[in-house]
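Asker: Each chain, letter by letter, is given below.
There are 2 protein chains.
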Amino acid sequence: MNKESKVVLANLEYLRKLFIMPDSPDKFVEFGHELLEMLHDFFKEKGGIHSSISLPELSHIFSTTAVPDEPNLIKNVLSEIKGKIIAHSVKVGNPYYIGHMTSAIPYFMILLEMIIAALNQNQVKIETAKASSFVERELVAWFHRLIFDRSESYYQKNIQNPRVALGNVTSDGTISNITALLVARERAFPPERGFGGVWEKGFSEALKYYGYSRAVILVSTRGHYSIKKASSLLGLGEENVLSIPVDDCHRMDLTRLRRKLKALKRLTGKERTKVLAVVGIAGTTETGNIDPLDQIGELAEEAGSYYHVDACWGGSALLVDEYRPILKGIEKADSVSIDAHKLLYCPMSMGLVVFKNEKDLNLIKQTSQYIIRRNSVDMGRFTIEGSRPFSSLKPWASLKIIGREGYRLLFKSAQANALSLKKILDDRGNFESLNSPELFILIYRFVPQPVREQLHTWQEEKRILRNKAKITRLDRNIKKVNQIVNALNIKLHKALRQDDTTFVSRTTLESTRYHPLNIVVLRAVLINPLTDEAILQEIVETQNRIGTGLWRGFESAYKKVLAGGT
Amino acid sequence: MNKESKVVLANLEYLRKLFIMPDSPDKFVEFGHELLEMLHDFFKEKGGIHSSISLPELSHIFSTTAVPDEPNLIKNVLSEIKGKIIAHSVKVGNPYYIGHMTSAIPYFMILLEMIIAALNQNQVKIETAKASSFVERELVAWFHRLIFDRSESYYQKNIQNPRVALGNVTSDGTISNITALLVARERAFPPERGFGGVWEKGFSEALKYYGYSRAVILVSTRGHYSIKKASSLLGLGEENVLSIPVDDCHRMDLTRLRRKLKALKRLTGKERTKVLAVVGIAGTTETGNIDPLDQIGELAEEAGSYYHVDACWGGSALLVDEYRPILKGIEKADSVSIDAHKLLYCPMSMGLVVFKNEKDLNLIKQTSQYIIRRNSVDMGRFTIEGSRPFSSLKPWASLKIIGREGYRLLFKSAQANALSLKKILDDRGNFESLNSPELFILIYRFVPQPVREQLHTWQEEKRILRNKAKITRLDRNIKKVNQIVNALNIKLHKALRQDDTTFVSRTTLESTRYHPLNIVVLRAVLINPLTDEAILQEIVETQNRIGTGLWRGFESAYKKVLAGGT
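If you're matching them up, the sequences are chains A and B in order.
Read left to right, the first sequence gives residues 3 to 568 (our numbering).
Read left to right, the second sequence gives residues 3 to 568 (our numbering).
I should point out that these hints are in silico values taken from the structure, not numbers from a laboratory.
Possibly wrong hints are sitting among the right ones.
Since copy identity is lost for identical chains, a pair holds within one copy or between any two.
Below 25 Å or equal to it, Euclidean Cα-Cα: the simulated DSS-like pairs (lysine-lysine) are [as the list claims (entries may be wrong)]:
1. Lys19 / Lys46
2. Lys77 / Lys29
3. Lys367 / Lys472
4. Lys414 / Lys472
5. Lys358 / Lys482
6. Lys159 / Lys86
7. Lys267 / Lys464
8. Lys272 / Lys210
9. Lys84 / Lys29
10. Lys562 / Lys481
11. Lys84 / Lys470
12. Lys493 / Lys264
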């Protein structure tokens, strides 16, 4: 920076002008124009999804260890952002990027973000957020109704009733799940005559007072890691999240749940255990499959447990009547989490958590003199977070612009893409698809056709064999080949990251048709409406080509297994 | 909505186009223009800070209880937003709004929000946030250095070292404080041979294993309510936040802290108590005053306790060397929270929490197969939140555009305004100012001059009196008059809300020159650089005029006290 511009910038009059919405929008539009061109260039480039720069190179770029002293012109900083940041961002909106729950977003979202920033309301308090408090409550009521479908008069009574809260807008699904499990904890150990409740007295005293040795949370092995995080945070401890295995369709195994609940009930005396919550999943992060919500709800009720449904991924599907049957039973939940930055196509990040009982959030109600006074109408009384932006404008406006009808078309296109990818993979021969997509997620792996057929034959043989030694040998072979295929898929995923023209993600699942073996799988999330069949073909061709090439390095190991070697 | 536009909108091709950054920016700019004019109209209006619409009227406007079915044109929804939301938002950027920690923001923040939304990176994982992960780490290192000032080689080594984290970017100060106290909990009850640690085993088992009956957090009576929230959330219980009284300057009373720590140390056997954390405050929410951070740090160290500094408000003052002396000792902290949406002038909302020991966040490290794999470089391993936006771009760019030198000028102007308001109030006669602003916050109340002088006389008399009965009578008078003045100030605050041309906030403090009486005070936060002396004069004149008018309704009650009545 030269001396001249320093003089211009380090001056209060110049700084004050930055704080004024320009009198004519010209200046703003000038920057806006430049910005849009920048962004547009970035989006229209094909390939280079993650940009080819290496992580060590990026480390080098961002290694200034002290805050800049001197001011800098806006246009210089914007051009720095263009060259250093935008150029090396991940093109999550690219139709060839089908690896995570992030997709292209409608461009009007950017306009909405401009409004949110310009108004700069703080949702914690009515003195800093007037109309926006009401918008947020309206949005929460919409989702409450989609899930719990109470009467019109119920909503008329509660939608803007400041004494209760139908739910919270949060920064993301993790905070939503933590809020729900916090409410579950308060419901399990409430205040009563002679005891101040877990909120006031703490978790250890609550266990003692109510005569339990511990409290547990039950969720399937597909549960999101935020459930364990919540359990640690709330004082239960990570080990008190009990994982219930899933069936071949990645849904919680009801028999195992029933058995576990029975076993827990039998624990008495020093081992007496409180089932704090049973958590159902509406759209697992890894496979998009949906737990049997209805039956889980019944079992939770029988066990006298709180019932939370983590619908961060799939909850928005309730907007479309065709999806109601697979989500049946969600209305039995005490609380439901839904993310706006997933199937509502909002930018990062916004979560929702909705409670069946409008009085439940009163269990965690806090007040303070200076900000959320008793008897105030401030929303901050009910939330874990303090200061919060007016994020609810995004889904609120988007539901108006796109409408349920529009979301129906978007989900239909997403599901068509998921099924279409499955078909392309199955037809191609060298892939094994591993789930039936319910909510736009497909998991699969690369397995050269002869290997896939061999695995299939062995599995069939196992089913009819009675000879134990032979079964053991088959199991050994199946295991060894799967280990080879796992290594192949890890290598393939890394090579695809290098190639960088397409992107799917990768995970490891313990429960597939090969359980108890751990299987490395590729994972595609098909929600970008700009992704079409031709693009999917291209993605599969790329994977097939690279996978086939890599297989050569694994063939001899495979042949050894076939030959009965070690 | 008419049939025709329904046909146009409920169509996948139309929807797909919404997801494409327009080829030419024309369309975007057209909307942008409209938007800017909307926002500009809103900002340039004087008065009507909260808009005159009543809360019941707003309830009525936002009482649609079901999600819209049909799509709607963007321009229609934008005009709905203009009429229903923007018109009834709080003008937090207005220079006459000096009531909360929210102010005008520089307009370039809106450009930055556009970039953040368009890139839509998810900071949880490097696969969804490439350059932005490095920007975030760089920003965190800047603040680490401002606070802890380790060597250049320390920062070179750790700034982009994925095995550690110097801190987290969070959604707000509450999450920052919760993160810090969570780390304090893990440090107090770590895993060791024979015990899995509080994270895994839970809080109750941790107390048992380490032989404590409870764990407590110490903070002054000025502590933010998020500390109690964190204590409940983490399982300690709200009652285990022990409040240490403050001195006349609203700073933690060190004698009381020392005494409390000693008393806690004496508890043994069944009452043995772990001091989980001592929390110092760098800028209390109510008065902006700063605890004696250095001495608190020493006492915390002696007690073997974790030391957290809640610098959500004042931490950014470290950017300016002149403020270093009053923040002395902050470098003794184990962790420090700072909000970007406060003194960094970023829009809602972003917090930071920085840890002295770069390995501390490893205590809460989580991994999962599909998202934040072991040995990955993903930032989600270290955070309470899951999905997170690229908010760090805002302070990162703002520190470049404004620079330390620019922030120095902004803070200088803020402090000048705070002192100027104090002087105007003192000169006016009918006000009593109740703190010395250290960080741009002034508390005061309206007290007609004769009443103020009478209170003053009584206080002086009390000091020299030896006659107990007389002291009791004086105390009774002081109390009664203060009750009258409290009622007057509540009424004044409500009348100011009605008048709605200016805004200050209101709180109740237990510890002022009248302690143990609770005093209702008005609170001004002077950080808007567009607020100047003439505006402050106008604000005081308004308060004086309305206050004087209201006093008539209280005069007879006051005279009764003077006459010795009840």
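Asker: Taking the earlier hints as the rules, which of them does this structure contradict?
Answerer: Structure breaks hints 3, 4, 5, 7, 11 and 12.
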